[in-house]
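Please arrange chains B and C on chain A, whose structure you already have, making use of the hints.
Quick mapping for you: the protein sequence lines, in order, are chains A, B and C.
This note's numbering puts the first residue of the first sequence at 1, with every later residue one more than the last.
This note's numbering puts the first residue of the second sequence at 1, with every later residue one more than the last.
This note's numbering puts the first residue of the third sequence at 1, with every later residue one more than the last.
If you're looking for bench data, these hints aren't it; they were derived computationally from the structure.
Nothing here was measured: the structure is a model prediction, and the numbers come from that model.
Heads up, a few of these hints could be off.
[Stated by the list, open to error] Listed next, the in silico BS3-like pairs over lysine-lysine satisfying Cα-Cα at most 30 Å (straight line):
{"hint": "1", "chain 1": "B", "residue 1": "Lys-191", "chain 2": "B", "residue 2": "Lys-239"}
{"hint": "2", "chain 1": "A", "residue 1": "Lys-206", "chain 2": "C", "residue 2": "Lys-191"}
{"hint": "3", "chain 1": "B", "residue 1": "Lys-206", "chain 2": "B", "residue 2": "Lys-191"}
{"hint": "4", "chain 1": "C", "residue 1": "Lys-239", "chain 2": "C", "residue 2": "Lys-191"}
{"hint": "5", "chain 1": "A", "residue 1": "Lys-191", "chain 2": "A", "residue 2": "Lys-239"}
{"hint": "6", "chain 1": "B", "residue 1": "Lys-191", "chain 2": "C", "residue 2": "Lys-206"}
{"hint": "7", "chain 1": "A", "residue 1": "Lys-191", "chain 2": "C", "residue 2": "Lys-191"}
{"hint": "8", "chain 1": "B", "residue 1": "Lys-239", "chain 2": "C", "residue 2": "Lys-206"}
{"hint": "9", "chain 1": "A", "residue 1": "Lys-239", "chain 2": "C", "residue 2": "Lys-239"}
{"hint": "10", "chain 1": "B", "residue 1": "Lys-206", "chain 2": "A", "residue 2": "Lys-191"}
{"hint": "11", "chain 1": "C", "residue 1": "Lys-191", "chain 2": "C", "residue 2": "Lys-206"}
{"hint": "12", "chain 1": "B", "residue 1": "Lys-239", "chain 2": "C", "residue 2": "Lys-239"}
{"hint": "13", "chain 1": "A", "residue 1": "Lys-206", "chain 2": "A", "residue 2": "Lys-191"}
{"hint": "14", "chain 1": "A", "residue 1": "Lys-191", "chain 2": "B", "residue 2": "Lys-191"}
{"hint": "15", "chain 1": "B", "residue 1": "Lys-239", "chain 2": "A", "residue 2": "Lys-239"}
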Amino acid sequence: MISPKFLGRLGFALLLAFQPTLAARYPSFGTIQTTNSSGVLNAVINNTASSTNLLDYRVQADLANLVETLQANDTDIRVVVFSKSPLPFFDPGFPDMSFPPALLWNISQIPQATIATVEGRARGIGNEFLMSCDMRFLTTSPSVLFSQLENSFGAIPGCGGAMYLSNLIGRGCTLEYVLSSTDIDAVTAEKYGWINRAFDTSAAMKEYVHILARRIALFPLAGINGTKFGVNAVSRPSKEDIVQKAQNVISVLALPATQAYVARFFEATKIRALGSWS
Amino acid sequence: MISPKFLGRLGFALLLAFQPTLAARYPSFGTIQTTNSSGVLNAVINNTASSTNLLDYRVQADLANLVETLQANDTDIRVVVFSKSPLPFFDPGFPDMSFPPALLWNISQIPQATIATVEGRARGIGNEFLMSCDMRFLTTSPSVLFSQLENSFGAIPGCGGAMYLSNLIGRGCTLEYVLSSTDIDAVTAEKYGWINRAFDTSAAMKEYVHILARRIALFPLAGINGTKFGVNAVSRPSKEDIVQKAQNVISVLALPATQAYVARFFEATKIRALGSWS
Amino acid sequence: MISPKFLGRLGFALLLAFQPTLAARYPSFGTIQTTNSSGVLNAVINNTASSTNLLDYRVQADLANLVETLQANDTDIRVVVFSKSPLPFFDPGFPDMSFPPALLWNISQIPQATIATVEGRARGIGNEFLMSCDMRFLTTSPSVLFSQLENSFGAIPGCGGAMYLSNLIGRGCTLEYVLSSTDIDAVTAEKYGWINRAFDTSAAMKEYVHILARRIALFPLAGINGTKFGVNAVSRPSKEDIVQKAQNVISVLALPATQAYVARFFEATKIRALGSWS
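Bound-form chain A, shown alone (with noise of 0.2 Å):
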């Protein structure tokens, strides 16, 4: 059982005694490129042992790192921009979903702002990584595609996915899009509210996300975790939701009928864990 209190009381102590610089304190490490400059903190995830880039667990434990730094109200950094990140491994050989869902709730929390953006993929725990920042930008190339594709094999959005969804798209396009399945594309996302902007190019998308970076990042960290308070309070699943939600995944994909299925989505897909963000 992973804590989702990622930061003991002693190592914050440690952080708030010596201050370490910057540069110091987000490194580059692992699967993740960090950049930062101006408050803002550009993160690149890039896992080099996969493929697809998945979140496995090398991508999970250096997020859950980053998460730990963020938490301890560093006022240096007050956005952080993650970029082709991949997402929390899910793997329903060893269903212990307590360290995903647990690792997206922290990243809902953080005081920094944080923003995605997204030029490919992002399906499954990749759509709920999403949708646990405070904003999505993507461009319209027609590799950029999202869904929540849990149903397609008996399974459950096991991090909120599909409760963060009905806020932004209500119950009904939530519905729709979740039990079917089915793939949105950038305009129509953006058209329906799952997303805040699409761009015709990647450029554009990035100079406007830049401006936004350092125009939020000039304001003091209280008042940008003080409003996410006030938001995530009325607009975010509660904790009770999301625990109880993880628990009817488990239970489900226990089921003889949802094991099949996953079984033959791996071998259809000729991938071993889902969620990806490429």
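Coordinates of chains B and C only, in the frame set by chain A:
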């Protein structure tokens, strides 16, 4: 007092023991004609005793029977498509609201996906029935109109129609349409998110819904049910809210001012009950 | 500490006992000019003591008086149309947030329908006032701009503005606009659902609102009140959320970093208080 629990333990045990064939379990009966194939049940409601296909006590009883069978977690049916259905009988002269809200509440949480198709009007409890389904598809025919019109005679939507709506189109537009009892057409309803999608022709709508229903029906029921459970937890009014609402309706209907409006409404419209879907 | 219960028992009893004429019950007074006809009260707020029509203590006290009369379930008034209104005074130098959130909370639940029309800017508590109304109509004039700008000086919207907004435009767009303190124009605000509708001319807006208000005013107050009760139950932040938010604002405003930002903000804008609606 009708219990919201439709299925007794005895009935459930019998169903599991014998499991009759699909056609025997979902016969056409009374006001409901059923057909099914590949896990999709089509339920067409046709109340020949009413010139406006009203949801009177006959349809109400038949719908409750259908829901009872579906609640038994029957895995042979994964999707239900309702069409041309009238709606729960609403008789202000006998304002026991226990049954209609309970019926619609149960429809919102049967384990199967529910899809409503509409080619006519849905007002009052008619629209509340649509809200209790998972998805709504329309044609853009000028005769397709929706409203919650209870305010126009001093009453309140009693099965949560306006509460469901505020998740779909937001608090501001909900209050505009419901407080003014204004009809909305299919194109505007799609733009606002009141419904999932509007089609230019009946054939186009039916083809889309057929493909969608067949796709969802490929997937195991446990995942469909689990996904609905999560989305309902955050986007549906709570049972307590519905019960409170139904009690408010009874109080408001008892007011002399409302009684006078209801009498005039029925005189003007020459109908005895609210809620039609023609 | 100002009690959120504006109307004492004594006052209520007196009102019922005497019921003065409408004009006497809703006189123009201080900063508020009122006219009424056919159940619609038009309230124009004009603070001649402020060059920017700010919602200072004068307007605040006058609004509280008006709300007190409306709270008495007066069935002669069924709709209130606010226009050119400044907003609850927000003075970071005197951060007792008890009164403004209580005032806006009470506005959100007076039994009458509330409609705001805007032909200028509404920022800060200005936008929060709009959120507490049932409906919002604008013109597309370039001078019509909205924002929750508190983040820009390290504070938080204290009356639930960002929380209301997340029901209307979703969590993602809410965080984008509020965290970056960016203005939104009328056309984009309509597209997102921030407001109900934008009109090309002031005359078109006024005609629409006139017809809408007159129509709603035809219906009994009990139904209007009951419908608002239900929609508020599911789409409005809870009172606990608002109180928590207001307490967070007080904590954040006390931070030296925020104080420094506020001082610079007031110096740059040459105003002493936030929240204008001109």
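We went through each hint and held it up to the structure:
1. Lys-191(B) x Lys-239(B): holds (29 Å)
2. Lys-206(A) x Lys-191(C): Within the cut-off at roughly 23 Å; holds.
3. Lys-206(B) x Lys-191(B): Cα-Cα ~20 Å, so holds.
4. Lys-239(C) x Lys-191(C): holds (29 Å)
5. Lys-191(A) x Lys-239(A): holds (29 Å)
6. Lys-191(B) x Lys-206(C): holds (23 Å)
7. Lys-191(A) x Lys-191(C): At roughly 9 Å apart (the allowed maximum being 30 Å), Lys-191(C) and Lys-191(A) satisfy the hint.
8. Lys-239(B) x Lys-206(C): violated (40 Å)
9. Lys-239(A) x Lys-239(C): Holds: Lys-239(A) and Lys-239(C) sit about 20 Å apart, inside 30 Å.
10. Lys-206(B) x Lys-191(A): holds (24 Å)
11. Lys-191(C) x Lys-206(C): holds (20 Å)
12. Lys-239(B) x Lys-239(C): holds (20 Å)
13. Lys-206(A) x Lys-191(A): Between Lys-206(A) and Lys-191(A) the Cα gap is close to 20 Å, so the pair holds against 30 Å.
14. Lys-191(A) x Lys-191(B): holds (9 Å)
15. Lys-239(B) x Lys-239(A): Given that 30 Å is the threshold and the Cα spacing comes to 20 Å, the pair holds.
Taken one by one, the earlier hints fail for this structure only at number 8.
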